Amino acid sequence: VFEDDERIFESIQVGATGYLLKDEPIEEVVQSIKDVKKGGSPISPSIARKLMSLVSGLRKDPTQKKKEPEVVPFDLTPAEIRILEHVIEGKSNKEIAEDVILSPWTVKT
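The sequence shown begins at 1 in the numbering used here and counts up by one.
There may be inaccurate statements among the hints.
Here are the simulated EDC-like pairs of lysine to aspartate or glutamate, each with C-alpha atoms no more than 20 angstroms apart in a straight line [unchecked claim]: (1) LYS22 with ASP5; (2) LYS50 with ASP5; (3) LYS37 with GLU24; (4) LYS22 with GLU10; (5) LYS91 with GLU28; (6) LYS91 with GLU80; (7) LYS34 with GLU80.
Don't read these hints as lab results, they were simulated from the structure.
Please read these numbers as outputs of a predicted model, since none were measured by experiment.
Based on the sequences and whatever the hints tell you, model everything.
What follows is the structure in structure tokens.
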């Protein structure tokens with residue numbers, strides 16, 4: 001897996017449960033697989049930072065002084081942004097579904 005913004009966001013949009021970089025230690029990969037089986041969404045720290053940056057750019061306070069427009073690779077709805085924030089926090093599909101009042105299947109897709 002390459003640390004490439006477009007692939008990261010495409011993977012999430014098509015339903016990736018998590019996202020690990022290929023240079024993660026094997027122990028981390030094994031633990032991440034266990035986490036996925038329990039409903040988790042493991043994400044490499046550098047990927048989580050990219051996602052946080054994206055989400056924070058989309059949820060700017062309108063009273064803040066305007067900065068250069070941020071390029072967003074995909075047009076996300078407010079609901080998708082809210083779900084993405086939960087994914088970044090490492091919540092499972094079930095936990096996210098409970099928080100946003102959707103079915104786990106809807107959250108996953």
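Hint check results:
{"no.": "1", "hint": "LYS22 with ASP5", "in the structure": "15 angstroms, holds"}
{"no.": "2", "hint": "LYS50 with ASP5", "in the structure": "8 angstroms, holds"}
{"no.": "3", "hint": "LYS37 with GLU24", "in the structure": "19 angstroms, holds"}
{"no.": "4", "hint": "LYS22 with GLU10", "in the structure": "17 angstroms, holds"}
{"no.": "5", "hint": "LYS91 with GLU28", "in the structure": "17 angstroms, holds"}
{"no.": "6", "hint": "LYS91 with GLU80", "in the structure": "15 angstroms, holds"}
{"no.": "7", "hint": "LYS34 with GLU80", "in the structure": "26 angstroms, violated"}
Checked against the numbered hints listed earlier, the structure breaks hint 7 alone; every other hint is satisfied.
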